[in-house]
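Chemist: Counted from 1, the sequence shown has number 333 at position 333 by the UniProt record's numbering; the numbering is strictly sequential.
Since the hints were derived computationally from the structure, they do not count as laboratory data.
Ideal placement from N, C-alpha and C gives every residue a C-beta, glycine not left out.
Hints should not be assumed to be uniformly reliable.
List time: in silico BS3-like cross-link candidates among lysine-lysine, alpha-carbon distance up to 30 Å [claimed, not checked]:
| hint | residue 1 | residue 2 |
| --- | --- | --- |
| 1 | Lys529 | Lys518 |
| 2 | Lys812 | Lys529 |
| 3 | Lys219 | Lys258 |
| 4 | Lys441 | Lys405 |
| 5 | Lys292 | Lys652 |
| 6 | Lys489 | Lys477 |
| 7 | Lys34 | Lys292 |
For each label pair, taking beta carbons as the anchor points, the in silico distance ranges come out as [what the hints assert, rightly or not]:
| hint | residue 1 | residue 2 | range |
| --- | --- | --- | --- |
| 8 | Thr916 | Thr214 | 45 to 55 Å |
| 9 | Gln520 | Glu273 | 50 to 60 Å |
| 10 | Ile740 | Gln520 | 51 to 61 Å |
| 11 | Ala382 | Ile165 | 51 to 61 Å |
| 12 | Ser498 | Asn156 | 36 to 46 Å |
| 13 | Glu925 | Lys742 | 19 to 29 Å |
| 14 | Gln520 | Pro924 | 30 to 40 Å |
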Amino acid sequence: AHHVALRRSEDAGPAAEAEPRVTSVPELFLTAVKLSHDNTGARYLHLAREDTNNLFSVQFRTTPMDSTGVPHILEHTVLCGSQKYPCRDPFFKMLNRSLSTFMNAFTASDYTLYPFSTQNPRDFQNLLSVYLDAAFFPRLRELDFWQEGWRLEHENPDDPQSPLIFKGVVFNEMKGAFTDNERIFSQHLQNRLLPDHTYSVVSGGDPLCIPELTWEQLKQFHATHYHPSNARFFTYGSFPLEQHLKQIHEEALSKFQKIEPSTEVPAQKPWDEPREFQITCGPDSFATDPSKQTTVSVSFLLPDITDTFEAFTLSLLSSLLIAGPNSPFYKALIESGLGTDFSPDVGYNGYTREAYFSVGLQGIAEQDIGTVRTLIDSTVDAVVEKGFEDDRIEALLHKLEIQMKHQSPSFGLTLTSYIASCWNHDGDPVELLQLGDLLVKFRQCLKDNPRFLQEKVKQYFKNNRHKLTLSMKPDDKYHEKQAQMEAEKLRQMVGSLSPEDKQLIYEKGLELRAEQSKPQDASCLPALKVSDIEPTTPITELHVVLAAGDTPVQCCVQPTNGVVYFRAFSSLNTLPEELRPYVPLFCSVLTNPRFEEEEHFRVLVKMAAQELANGVPDSGHLYASIRAGRTLTPAGDLQETFGGMDQVRLMKGVAEMADVTPVLRKLPRIKEHLLHCDNMRCSLNAAPRQMARTQREVENFLSSLGRGREGREPARPHVVEKPAHNGSNGNAHVCGSQIIRKLITDPTFTPCQMKTHFLLPFPVNYVGECIRTVPYTDPDHASLRILARLMTAKFLHTEIREKGGAYGGGAKLSRSGVFTLYSYRDPNSVETLRAFGKAVDWAQSGKFTQQDIDEAKLSVFASVDAPVAPSDKGMDHFLYGLSDEMKQVHRERLFAVSHDSLVAVSHTHLGSVGNTHGWAILGPENAEIAKDPSWVTR
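All chains should be modelled from the sequences, with the hints used to inform the complete structure.
Modeler: Below you can see the structure in the form of structure tokens.
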């Protein structure tokens, strides 16, 4: 790549302009190369590492000055077609034309990031071409702005008499996001603590401000922000840097001249006096105590994140203050019993130009706000005086060192996210990666000055005037008021329209609908072929040994950087039915040192209940799907008990109990059944030289657990015994004895249909429909798996997201053979169920091409062949009994899927005759469902 003029980065000083800056980072096993582009000033960082999962990202500094959501709507709209790739949404299309291991885009407060990763070199070039063209040369058509951003449209686009309403993907996404009280709190916290510039607005868009954005403003924002002079390029992995540089130069950078982007974020002016604000939010329908729904936190402005060592020190200091049951704030706040859990954004927040630290409680009574504030101040005073125990500092540093050695399969994505904020404000990303140097320096500071951390606490917490106290309490009318403000905004906008405007809106609505319904030509996009997929995959070497008598231990030798990974799997078969709902609680408190003490246990219960309640808006589609599948398989009921809405409700109930002793007494009984060798099998992943010693440790651990009591009856007497494949050669004999997996069946089980509507105070729905089909080893499973992908890409995406305005939707198939259709943050409910029915009709009619099938195969293989970390190799075998041979048979069936087999399985398994369906909706009141006696409302 001689023609690409490179030189060493500016921050290296004027003396050395000839060479790029190359730095070895041994602790992360990588080499960093930092470059800048002569002609445009674009910056580039390449991290070379022996990792086949290569990643590219481009990042723009996007600093909006209003809450119209312009950077977020732009992020959606640039992905709707570009000059070289003018099809409707190349981004979603590429999901099916590539073997990518990751593809997405993110809008942060002050940057927008476009990452992808793949293990295939040709795929990397294809995706790079699509991403570069989307970012730098998007079409940004008005219709795309309407679809993705906001528009006025008739409730029923075909009926000009139906009322005009706001629609749009981002509009609905943000309405959904602000049903989440934690999100409301976090948003206000940042806006109020950093009020002088871009951090005072909602970069994702405030639903009440989104309708003020015009198409012209969107195009203007692109021209000024999406320019190489305002861009940072990042590549990671084993592919050669020269090829990347050549392609990025030719397809993008060579077409631009340098500009001076004025996107810097100035330093926030520090306050002379602390400030206080009160805000409101919607009531929490899962709150354990309605009179305790207030949140309060105290936050402190910290220095610029580009001061790498100071930021590193303050982030470690924050962990010492709040992490774990022995930290000062946990003891002072959580154990006070005043609230249920820490407030949102607790700890160090390093995503803005100046960082901040925040601490407080949620789930408190309004009159306890003052008490919490006093506790925070007195805790700061105590730390300034006493400091931290040495062993807690050591434990934290040890944890950091283990994290550095742990290899995740998406390490490139972790790194691009880790450096994004610092690099965005012109900090040195390489310095940030040199964790070893930072650790050495930190230890040295502690050695030179034992009061090093106490002085920081004094400087940044005790004596810091830039301090914000934010409290939030529920208002029963909150959602109603939001809806009223939206209705008022709508009334004003509609009121100012002339009859001609209204006619135009009607026509545009029809035009958009027609555009969305047009068959799409994606032939302009690059694509891999099914023949590019490897016919076989590498074998994972495993061997199984018996420890402590006859407990099977699966051993998998892997290059783990010297970290050992141990897992134990325990059967619930002897556990009495009435104890089952409490197993998740048992698991969440087990590792907490003092959970047997009642006061301590009550605190843990409240935290667990609060966490579950907070997770419902983010995972509503999963809760709907679990409930819809509950009556379809013998394990479905257990999934609902452990991970469904039943669990959310049970934990709410336990947290409300005046006396938690009866629940606490159940835990030792659960322990008796679960923690002994009879019901257990184990697995080990470790480096070759560690395996023998590790096996001895496991032997000791199992011996210490002891055996179960004699004569204990299994709760479910029907056990099927299956031999486990012992490793790669299929030889299942170990020391003359066969390893047996005991699987529980229920011969009396019959699937049945059920429809459940969970009434929740959200303005959006989460819809799930499940159909009982066939499991992984059945020959039809492969066709159903391809069909789920095909229905998602070719039918449901258009119906549910583009036309319906939901944030997401699709179909998926579980290993056990439950076929699920779902939608996420969906303005519709019953209409979506109709769309699910139409999707099955569409599949049965066979209205898809060989090209569509090949794309679905690529997409499925991308997940089948997703990279697996050394710590997780062999897990399919350990957890699900899937051997390499079974996976290869499934692989060959996936290759063999044809048009005929897809149509056949849609008739056999998805039709309404002879197949059991289940349905569930989480969402607001619904007149149509209320009238229908087949629905159960909860």
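Chemist: If you test the structure against every hint from before, which numbers come out violated?
Modeler: The structure breaks hints 7, 12, 13; every other hint is satisfied.
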